[in-house]
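Chain A is already provided as a structure; the job is to place chain B on it using the hints.
Number of protein chains: 2
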Amino acid sequence: MSILVLGSISFDAIETPFSKVDKILGGSAVYTSLAASYFTKQSHSKLNLVGVVGGDFLKSDIALLQQHGVNTAGLQIKQNEKSFFWKGRYHYDMNKRDTLVVASNVMEKFDPMIPPSYQDCEFLILGSLSPSIQKQVINRLNKRPRLIVMDTIDYWIDRAWDTVMKVIQTVDILSINEAEARKIAQEYMLAKAAQKILAMGPRYLVIKKGAHGALLFDKNHTFYAPAFPLKDMTDPTGAGDAFTGGLVGHLVRCASISFEDMKVGVMIGSAIASFCVEKFGPEKLIHLTQEAINKRIQQLVALVQFKKELSGSYLS
Amino acid sequence: MSILVLGSISFDAIETPFSKVDKILGGSAVYTSLAASYFTKQSHSKLNLVGVVGGDFLKSDIALLQQHGVNTAGLQIKQNEKSFFWKGRYHYDMNKRDTLVVASNVMEKFDPMIPPSYQDCEFLILGSLSPSIQKQVINRLNKRPRLIVMDTIDYWIDRAWDTVMKVIQTVDILSINEAEARKIAQEYMLAKAAQKILAMGPRYLVIKKGAHGALLFDKNHTFYAPAFPLKDMTDPTGAGDAFTGGLVGHLVRCASISFEDMKVGVMIGSAIASFCVEKFGPEKLIHLTQEAINKRIQQLVALVQFKKELSGSYLS
Numbered sequence: 346m347s348i349l350v351l352g353s354i355s356f357d358a359i360e361t362p363f364s365k366v367d368k369i370l371g372g373s374a375v376y377t378s379l380a381a382s383y384f385t386k387q388s389h390s391k392l393n394l395v396g397v398v399g400g401d402f403l404k405s406d407i408a409l410l411q412q413h414g415v416n417t418a419g420l421q422i423k424q425n426e427k428s429f430f431w432k433g434r435y436h437y438d439m440n441k442r443d444t445l446v447v448a449s450n451v452m453e454k455f456d457p458m459i460p461p462s463y464q465d466c467e468f469l470i471l472g473s474l475s476p477s478i479q480k481q482v483i484n485r486l487n488k489r490p491r492l493i494v495m496d497t498i499d500y501w502i503d504r505a506w507d508t509v510m511k512v513i514q515t516v517d518i519l520s521i522n523e524a525e526a527r528k529i530a531q532e533y534m535l536a537k538a539a540q541k542i543l544a545m546g547p548r549y550l551v552i553k554k555g556a557h558g559a560l561l562f563d564k565n566h567t568f569y570a571p572a573f574p575l576k577d578m579t580d581p582t583g584a585g586d587a588f589t590g591g592l593v594g595h596l597v598r599c600a601s602i603s604f605e606d607m608k609v610g611v612m613i614g615s616a617i618a619s620f621c622v623e624k625f626g627p628e629k630l631i632h633l634t635q636e637a638i639n640k641r642i643q644q645l646v647a648l649v650q651f652k653k654e655l656s657g658s659y660l661s
Numbered sequence: 346m347s348i349l350v351l352g353s354i355s356f357d358a359i360e361t362p363f364s365k366v367d368k369i370l371g372g373s374a375v376y377t378s379l380a381a382s383y384f385t386k387q388s389h390s391k392l393n394l395v396g397v398v399g400g401d402f403l404k405s406d407i408a409l410l411q412q413h414g415v416n417t418a419g420l421q422i423k424q425n426e427k428s429f430f431w432k433g434r435y436h437y438d439m440n441k442r443d444t445l446v447v448a449s450n451v452m453e454k455f456d457p458m459i460p461p462s463y464q465d466c467e468f469l470i471l472g473s474l475s476p477s478i479q480k481q482v483i484n485r486l487n488k489r490p491r492l493i494v495m496d497t498i499d500y501w502i503d504r505a506w507d508t509v510m511k512v513i514q515t516v517d518i519l520s521i522n523e524a525e526a527r528k529i530a531q532e533y534m535l536a537k538a539a540q541k542i543l544a545m546g547p548r549y550l551v552i553k554k555g556a557h558g559a560l561l562f563d564k565n566h567t568f569y570a571p572a573f574p575l576k577d578m579t580d581p582t583g584a585g586d587a588f589t590g591g592l593v594g595h596l597v598r599c600a601s602i603s604f605e606d607m608k609v610g611v612m613i614g615s616a617i618a619s620f621c622v623e624k625f626g627p628e629k630l631i632h633l634t635q636e637a638i639n640k641r642i643q644q645l646v647a648l649v650q651f652k653k654e655l656s657g658s659y660l661s
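If you're matching them up, the sequences are chains A and B in order.
Quick note: the first sequence uses our numbering, first residue 346, plus one each step.
Quick note: the second sequence uses our numbering, first residue 346, plus one each step.
There are no misleading hints in this set.
Pairs of lysine-lysine, DSSO-like flavour, derived with a Cα cap of 30 Å: (1) Lys564(A) - Lys537(A); (2) Lys391(B) - Lys423(B); (3) Lys554(B) - Lys640(A); (4) Lys640(A) - Lys541(B); (5) Lys528(A) - Lys624(B); (6) Lys554(B) - Lys576(A).
Source of the hints: derived by calculation from the structure; they are not laboratory data.
Only chain A is shown next, with the shape it has when bound in the complex (with noise of 0.2 Å):
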């Protein structure tokens, strides 16, 4: 199996409530690629990283990927640039977020290389990035992947509205938050914006909620996923993008994707967002262990498993 991963790589400078960095390793492909990693590495599947970083990207921060088994063929090193840099802001409910400064550099004009070992990719993952290049990426391929997994943000739904109508018809999974869900069905209710949106294309819908947890649709069907609730929180960035690298991760041991292996990836996508968020940046995601995934998936299932039966009759 291989997965394809294609993402942004920047330097993020991040203020929180309590505290705050200047410049720590991020981007959608970085959070997807590392919290893939524990996965694919069990599952022996290759991890190819799509991407661009501009000469001042550290060593140390590729080689780091590379020790979690992330391919780096697909990566693009532009010497006389300067990477993608974004500067964020938290407030206390950290599901809301002020970007501060966003600076394309190098993604300005990005133009991703699929290296010919990359064309047998099974499961592609278009990170949060410009739709264009979303596109850009599957048209690039020889074959379709067997499964299509998207994540956007408000970003791109404001400034390329029509390119991001047109990747979303085209994917098997749309992976997003309660913000853009309702933006793009053009509706509040979640349920009601859920088949707005499938009616688009895709066969999976993801809604993430942060720390209430996710919601999956198919057209028939609805699952919820808790978020662990956690004693600290420090950074909720790239938490998305874990939760589709942990769902994506577990979806390539599936012999077909049904809608119960798609529960269990939600599942396995929260609580390894719920690592994600207890450190600044990347870094627990990069000192996960086995032992503390197992430990954390148990406490996410016995959060909502009741030993009771509520049978089909409760009142009678």
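Frame of chain A, contents of chain B only:
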């Protein structure tokens, strides 16, 4: 078995982004009683109301409560006074509301009266009203009920901190929303806030998160009940009170009240609350059927059930 429900009984005026009503039956005791009535009827339990209304209160509304099996022997009618009136406005995010008018009227000098036939109550629900009145009712019972459930709101936490704290120390279950939990614990993270609140006295804490479900805590366990993803929502007024009615309606059936019983109880509470918000005021709660309740419970259970086992060693 016998439940005593103390709470407000009011006329409400409600505005939402989509519609409004000028005068509708409301109050915590009304929502809680109506919700509980479907369960007490089935378990042949008594449902005893304690409250006060003015001479302007409608005989038809009293008859309505009685038709639902609510004993109104403890309902005082002050002919020369006006009933409690509340006016509120909801935003698109209906988890947030502004209180526009609070006219205490007859509630100002409410001196709760406990009919002798109420003295054997095993379950006491202290609906949201002045904590002094909540305390008075506990004191006026000859023996402590088997279970005391307390709800309170921002308004009382801000204005009667010391008394709220005193009542909290004496109850078994505290049922509040996210903002109230953070205010009482003076702690933002809910998992930490919960432990602080449990250390104050209650055996169980329910934190209601509106459209995001509810968290249940004891000192060693956490459980998450999802909210039903509704396609339409009309008016969230009283949903939290209906939740408590459903929860206690279930607990009446339980021989001893374990965490497992509480899990089922919060699922039932969430199911009933999801009905409440579908129409203005208590309209939907008035016309529920056993069939509709059973179906909603099943839908809620299905929302968090998955077939595939996430075993203790998912990664190995």
